[in-house]
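**Student:** Given next are the chains, with one letter for each unit.
2 protein chains.
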Amino acid sequence: MTSAAPVAPLISAYRGVRPATTPVWFMRQAGRSLPEYRELRIGHSMLDACLEPELAAEITLQPVRRHGVDAAIFFSDIVIPLKLAGVGVEIVAGRGPVFEKPVRTAADVAALPTLTVDDLAPVAAGVARTVEGLRAIGDGTTPLIGFAGAPFTLAAYLVEGGPSKEHLAARTLMHADPDAWAALMAWAADASGLFLRAQVLAGASAVQLFDSWAGSVSLADYVTRVAPASARALGHVADLHVEVPGEPAARGDQAGDQAGDQKVSIPVPKVHFGVGTGELLPAMRDVGADVVGVDWRIPLDEAVRRLGGAVPVQGNIDPALLAAPWPVLEAHLRDVLARAAAAPAHVLNLGHGVPPETDPGVLTRIVDFVHGLTQ
Amino acid sequence: MTSAAPVAPLISAYRGVRPATTPVWFMRQAGRSLPEYRELRIGHSMLDACLEPELAAEITLQPVRRHGVDAAIFFSDIVIPLKLAGVGVEIVAGRGPVFEKPVRTAADVAALPTLTVDDLAPVAAGVARTVEGLRAIGDGTTPLIGFAGAPFTLAAYLVEGGPSKEHLAARTLMHADPDAWAALMAWAADASGLFLRAQVLAGASAVQLFDSWAGSVSLADYVTRVAPASARALGHVADLHVEVPGEPAARGDQAGDQAGDQKVSIPVPKVHFGVGTGELLPAMRDVGADVVGVDWRIPLDEAVRRLGGAVPVQGNIDPALLAAPWPVLEAHLRDVLARAAAAPAHVLNLGHGVPPETDPGVLTRIVDFVHGLTQ
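Sequence lines, in order, name chains A and B.
Per the UniProt record's numbering, the very first residue in the first sequence carries number 1; after that it's consecutive.
Per the UniProt record's numbering, the very first residue in the second sequence carries number 1; after that it's consecutive.
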C-alpha cells in the first residue's frame with residue numbers, strides 16, 4: 001500500500017465508517033465450492049493443505065481472484081493450533097476432526113502440550129506468502145483476515161474427541177468440574193490467541209474469532225464459563241496494530257513513523273462470529289470485539305438493535321438462498337442490505353460458511369451485484 | 001379412572017392449574033438409557049419396534065414403571081407416519097432415517113402417497129395396549145401423551161433424504177419453489193395430524209408436536225412458511241376431547257354424558273416443542289398450542305415473559321447436567337423450578353431428549369426429588 005491508496009473498504013467498515021460500496025466476502029469462500037480448490041487438494045490431506053505455506057496461500061487467494069471479494073480469509077482449520085501444539089488429531093472425511101484421546105479430566109487438561117510461537121512457523125509463512133500474493137491481485141490492497149476457532153469451540157472438540165451435536169460432554173464438564181473447565185478454556189484461549197497473533201504479525205489486517213458452537217450454551221453459561229476465555233484469546237492481539245492509509249481518527253490510532261506519509265497505525269480490527277447466537281450478541285461484543293457477525297436466524301436490524309446500534313455488523317445472507325433462483329436471492333440481498341442501514345457499517349457475508357455444493361458463479365454474481373450498488 | 005380419581009397432575013398443569021407437586025417426565029424417557037429397553041430391542045429394528053403394538057406399548061411403559069414419571073409418551077419415531085403412508089425409509093444405525101428418494105420438486109410432492117386412517121392401525125393398537133398397561137401401574141391414572149414430528153421436521157427429512165445439520169435443501173425449496181413447499185408442508189401436516197389423531201382416538205390424553213428442527217429458520221420464515229402447516233397438523237385434533245374427573249371450568253369443556261359423575265370432557269391438551277426456538281416461542285404457541293416446551297438455552301422465566309405470562313410451559317433442564325454431580329444438578333433443578341413460578345403452570349422436563357448414555361438412576365432421583373417438593 002502507498003500513501004495514495006484508499007483505505008480498503010473492509011477495514012473502513014470494520015472501523016465503523018461506511019465505504020462507498022458495501023464490502024463483501026464469504027465465510028469458507030476458500031474451499032470445496034471451487035473447482036480449482038478441489039484440483040489443488042488432490043493428494044493433500046486437509047491438515048497438510050493448511051500447514052504447507054504455498055498451498056495454504058494459493059487456496060486463500062483463489063476466491064479473491066475468482067470472485068473479487070473485499071477480503072481474503074486465511075485458509076486453515078479450527079484444529080490447526082491444537083495440531084501444532086502436539087495434540088493428536090486428524091480430519092476424517094465425512095466426519096470432521098477426530099482426536100486420539102478426549103480431554104475429560106483436570107489431569108487430561110494439565111497434560112495438554114503448550115503451543116509455542118515456534119510451532120506456528122508454518123502458519124506465519126503461509127500468511128506472509130498470502131499477503132505477498134494479494135499485492136498482485138486487483139489494485140493490490142485486498143486485506144487478509146486472520147482466523148481462529150474460539151476457545152469454547154476448541155474445548156468442545158477436545159472434550160468430545162470430535163464433532164458433536166449439542167456438545168453435551170463439554171457442557172457437562174463445564175458444570176461438573178468448573179476448575180478443570182476453566183483451565184481447559186484458558187489453554188484453548190492461549191492456543192486460539194497465539195494463532196491469531198501469529199497471523200497478524202505475519203501480515204493479516206484483521207482477525208475473526210469463530211465460535212461455531214457457542215449457540216449451544218445459555219447466556220448465563222456463556223457469560224460466566226465462555227466469555228472470559230474468548231476475551232483472553234482476543235487479548236493476545238489487543239496490543240497489535242496494522243498500518244492503513246489515512247489520518248488518526250479514533251481512540252487507539254497512532255500516527256505513522258514518518259511524518260507526511262498519511263499512514264496511521266490502528267488497532268487490528270477484531271470480528272467475532274457464532275452460529276445460533278442471537279441471544280449472545282452483546283456478550284460476544286463485550287469480549288473485546290469491534291465487529292459482530294450474525295447468522296441468518298435473526299434479521300440484521302434486530303441484531304443491530306440488540307447490539308445497541310453502535311457496532312459494525314457482518315452477515316447475514318441465508319446460505320439456503322444461494323441455491324434459489326437469482327430474483328429470490330437478489331430480493332434477499334436487498335433486504336439484508338436495507339436492514340444493515342441500522343448499523344454504523346456493514347460487511348456483507350453469509351450467515352454461515354459456503355455450502356460445498358454451491359455454484360461459485362452465484363458468489364461472483366453476488367459480489368458484482370453488491371459492488372454495483374452505492375450506499 | 002373413577003369419579004373419585006384426582007385429575008392427573010400432568011393434565012392439570014397442561015390446563016394451566018398448578019397441581020400440588022410439579023409433574024415431571026422426560027423426552028425420550030423410553031429408549032436407550034434403559035437396560036430393559038436395550039434388552040427388549042434385541043432382534044427388532046427401530047421401526048419394527050414402533051409398529052409392533054405389544055413391543056411399542058411395553059417400551060412406552062418401561063420408564064413409567066421404573067421412574068414413576070407423571071406421563072408416558074408413546075414410543076415412536078418421527079418418520080413412522082411417513083413409513084405407514086408408504087414412503088421408502090429405513091433407520092440406519094448411527095445415522096438416522098434414510099429415504100429411498102429425496103423429495104425435491106413439485107412432481108415429487110405430488111407423487112407422495114396419501115396416509116389413511118387404516119394405515120395407522122398398528123399405532124392405534126399400540127396406544128390402546130399402552131393405555132391398558134398404564135391402568136396397572138401405580139394408581140392407574142398416569143396419562144399417555146401422543147407424539148408426532150411437526151410438518152417442518154418431517155418435510156426437512158423428506159427433502160434432505162435423511163438427517164442434515166442446517167436443513168439447507170429444505171430451506172432452499174421453501175424459497176425457490178414456495179408452491180411446492182406449501183404442498184409438501186400440507187402433506188406433512190396431514191400425516192402429522194392424522195398420526196396424532198389416531199393416538200388420541202385410541203386413548204392418549206394429550207399430544208406433543210415436536211418440531212426438532214424449527215430452530216434453523218428465522219421467525220419470518222417460521223411465521224409464513226412453517227406455522228400454517230403446524231396449525232393444520234394440530235387442527236386434526238382440535239375437535240377431540242378427553243375425559244377427566246372434575247367439573248367444567250374452562251372454555252371448550254363439556255359436561256359428561258351422565259349427570260353427577262363429575263367427569264368432564266376437555267379439549268385434548270396440545271404441547272408444542274422445538275430445539276433452539278427461543279425466538280419462535282410466541283409463534284409456536286399461536287399455531288394452537290396450549291403448552292409450550294422450552295429447550296435449555298433460555299431461562300424459563302424469560303420464556304414465560306416472551307409468551308406473555310399466560311401459557312403453561314414445559315422444560316427446561318439442561319441435558320448436559322444429567323451427568324454432573326447431584327448437588328450441581330439439584331441446584332439446576334431448583335433454579336428451573338424457581339423460574340417456572342412465573343408461569344401459570346409448569347411440567348418439568350429436559351430441554352431435549354434423554355442422552356442415550358444417561359444413568360437412569362439419575363432420572364429416577366430427579367422424579368423423587370421433584371415429587372418430594374410442594375409448590
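Among the clues, some could well be false.
Since the list gives no way to pick out one identical chain from another, each pair is judged satisfied if it fits inside one copy or across any two copies.
[Stated by the list, open to error] Subject to a maximum C-alpha distance of 35 Å in a straight line, what follows is the list of computed DSBU-like cross-link-like pairs (lysine-lysine):
{"id": "1", "residue 1": "Lys-101", "residue 2": "Lys-263"}
{"id": "2", "residue 1": "Lys-165", "residue 2": "Lys-83"}
{"id": "3", "residue 1": "Lys-101", "residue 2": "Lys-165"}
{"id": "4", "residue 1": "Lys-263", "residue 2": "Lys-83"}
{"id": "5", "residue 1": "Lys-101", "residue 2": "Lys-83"}
{"id": "6", "residue 1": "Lys-263", "residue 2": "Lys-165"}
Just so you know, these hints were derived from the structure itself, not from any lab.
Note that the coordinates shown come from a computational prediction; the quantities given were computed from them, not determined experimentally.
**Student:** Checking each numbered hint in turn, tell me which of them this model violates, lowest number first.
**Tutor:** Hints 1, 4 and 6 are the ones this structure does not satisfy, whereas the remaining hints hold.
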